[in-house]
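Colleague: Construct the entire structure; sequences and hints are all you get.
Residues in the sequence shown are numbered consecutively from 1, following my numbering.
Keep in mind that the hints are not guaranteed to be accurate.
To be verified - Simulated restraints on C-beta separations:
| # | residue 1 | residue 2 | range |
| --- | --- | --- | --- |
| 1 | Gly168 | Ala211 | 53 to 63 Å |
| 2 | Arg253 | Pro371 | 19 to 29 Å |
| 3 | Ala270 | Ala158 | 39 to 49 Å |
| 4 | Thr126 | Arg375 | 20 to 30 Å |
| 5 | Glu84 | Thr126 | 19 to 29 Å |
Unchecked claim - Okay, derived cross-link-like pairs now, EDC-like style, lysine to aspartate or glutamate, Cα gap no bigger than 16 Å in a straight line:
| # | residue 1 | residue 2 |
| --- | --- | --- |
| 6 | Lys95 | Glu328 |
| 7 | Lys360 | Glu327 |
| 8 | Lys67 | Asp156 |
| 9 | Lys352 | Glu327 |
| 10 | Lys352 | Glu331 |
| 11 | Lys95 | Asp243 |
| 12 | Lys360 | Glu328 |
| 13 | Lys95 | Glu340 |
| 14 | Lys352 | Asp320 |
| 15 | Lys274 | Asp52 |
| 16 | Lys95 | Asp320 |
| 17 | Lys274 | Glu146 |
Calculated from the structure, these hints are not laboratory results.
Every residue, glycine too, gets a C-beta built ideally from N, C-alpha and C.
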Amino acid sequence: MQQEIWRRLRRNLRMLSLGGLLAAGSAMPALLACESGTHPSGLPPLSAANADNPARIALGKTLFYDKRLSGNGQISCASCHQPERAFSDGEALAKGIGGRSGTRNAPSILNAAYNASQFWEGRQPTLEAQALDPFTNAREHGLASEDALLAIVRADPAYLNQFRLAFGAAPQSITASQIGQAIASFERTLIAGNSPFDRYYYRGEQAALNASARRGLALFQGAAKCASCHRIERNSALFSDDDFHSLSVGLQRIAPQLPALTTRLVRLRAQAEKLGDHVLSEEDVAELGRFALTLKPADIGKFRTPSLRNVALTAPYMHDGSVATLEEAVELEIYYRSAEAGYPLILTPAEKQDLVAFLKALNSPEASQPPAHWR
1 MQQEIWRRLR RNLRMLSLGG LLAAGSAMPA LLACESGTHP SGLPPLSAAN
51 ADNPARIALG KTLFYDKRLS GNGQISCASC HQPERAFSDG EALAKGIGGR
101 SGTRNAPSIL NAAYNASQFW EGRQPTLEAQ ALDPFTNARE HGLASEDALL
151 AIVRADPAYL NQFRLAFGAA PQSITASQIG QAIASFERTL IAGNSPFDRY
201 YYRGEQAALN ASARRGLALF QGAAKCASCH RIERNSALFS DDDFHSLSVG
251 LQRIAPQLPA LTTRLVRLRA QAEKLGDHVL SEEDVAELGR FALTLKPADI
301 GKFRTPSLRN VALTAPYMHD GSVATLEEAV ELEIYYRSAE AGYPLILTPA
351 EKQDLVAFLK ALNSPEASQP PAHWR
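Modeller: Right under this line is the structure:
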């Protein structure tokens with residue numbers, strides 16, 4: 001296994017690619033009619049199986065903003081997913097209880113309902129499971145156990161009434177699973193489309209994109225080779241392939257200890273250790289990416305392709321927050337795409353500015369000015 005790990009690492013370090021930030025592809029504006037109703041332009045419909053009721057959404061919102069649900073009473077879900085920052089936090093690495101930093105950049109949870117799995121390495125399959133993980137992580141909410149979480153909720157008469165309305169639950173029958181379901185119900189309302197790009201591409205509003213952003217779109221889908229990982233489909237655009245790629249970001253640092261790290265992680269998994277505890281507390285383990293979940297050598301250093309929607313509002317970037325600005329990201333993208341292709345990808349300063357202009361056109365009005373029902 002170690003030989004295979006080293007073979008994969010050498011390949012990754014040769015083929016550096018920054019598909020983790022820049023994006024997605026179709027060729028010409030779709031000029032499709034908008035769907036009727038209030039569903040945002042540019043986004044696919046959510047599965048009917050995920051339909052939620054108002055009582056669960058209201059309960060989930062209360063839970064999401066409640067700082068009491070932490071070891072020191074000072075951390076809520078909104079501490080790292082702030083509505084005024086497009087539900088990110090502006091930090092390179094998320095800070096939890098006691099101001100302690102983890103190992104991950106807090107991703108925006110806008111449109112997270114569309115993700116096939118959750119977290120940077122996809123370690124949880126659903127929004128419901130994702131919502132529960134932070135409560136008992138020592139670098140996040142810092143509660144000792146799910147029982148401690150339940151004790152806080154069951155002792156609050158207002159919560160008891162909300163759980164009764166949402167689930168018909170008596171106090172002692174309230175479960176952690178119901179807490180996860182409620183928060184996920186609220187998160188499914190955090191849907192943001194209707195960007196200038198969407199209005200141009202899907203509604204045919206030619207004035208929605210200025211000339212620079214239109215040139216950036218052409219580059220994005222063509223010469224800049226941004227479209228392979230962050231996709232624009234004919235009817236909608238999530239700006240992600242919902243896959244995991246090795247970008248070699250951070251791998252150089254851990255290369256000398258990679259055999260020992262992978263061996264240790266295999267042992268921890270065999271002991272049924274909680275994966276998130278190690279991923280968020282140990283920098284070197286965190287850089288192993290999806291390998292931490294699958295234990296497949298091919299997954300070393302692989303991380304989720306993030307959506308680029310509202311990307312101009314969520315700096316810094318990448319799983320470790322190591323890319324500070326969109327301008328820096330464009331420069332890195334050019335370098336890594338060149339390395340991947342085996343020949344230089346040459347863009348002029350003006351073309352780079354056009355790419356940035358296009359990325360800024362992916363901001364949704366809801367992300368820039370969150371509606372009251374999100375707060």
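Colleague: Now tell me if each hint is right for this structure.
Modeller: Verification of the supplied hints:
no.: 1; hint: Gly168 to Ala211: 53 to 63 Å; in the structure: holds, 57 Å
no.: 2; hint: Arg253 to Pro371: 19 to 29 Å; in the structure: violated, 41 Å
no.: 3; hint: Ala270 to Ala158: 39 to 49 Å; in the structure: holds, 43 Å
no.: 4; hint: Thr126 to Arg375: 20 to 30 Å; in the structure: holds, 25 Å
no.: 5; hint: Glu84 to Thr126: 19 to 29 Å; in the structure: holds, 27 Å
no.: 6; hint: Lys95 to Glu328; in the structure: violated, 24 Å
no.: 7; hint: Lys360 to Glu327; in the structure: holds, 11 Å
no.: 8; hint: Lys67 to Asp156; in the structure: holds, 14 Å
no.: 9; hint: Lys352 to Glu327; in the structure: holds, 8 Å
no.: 10; hint: Lys352 to Glu331; in the structure: holds, 8 Å
no.: 11; hint: Lys95 to Asp243; in the structure: violated, 26 Å
no.: 12; hint: Lys360 to Glu328; in the structure: holds, 14 Å
no.: 13; hint: Lys95 to Glu340; in the structure: violated, 34 Å
no.: 14; hint: Lys352 to Asp320; in the structure: violated, 24 Å
no.: 15; hint: Lys274 to Asp52; in the structure: violated, 29 Å
no.: 16; hint: Lys95 to Asp320; in the structure: holds, 13 Å
no.: 17; hint: Lys274 to Glu146; in the structure: holds, 14 Å
Against the hints set out earlier in the document, violations occur for numbers 2, 6, 11, 13, 14, 15.
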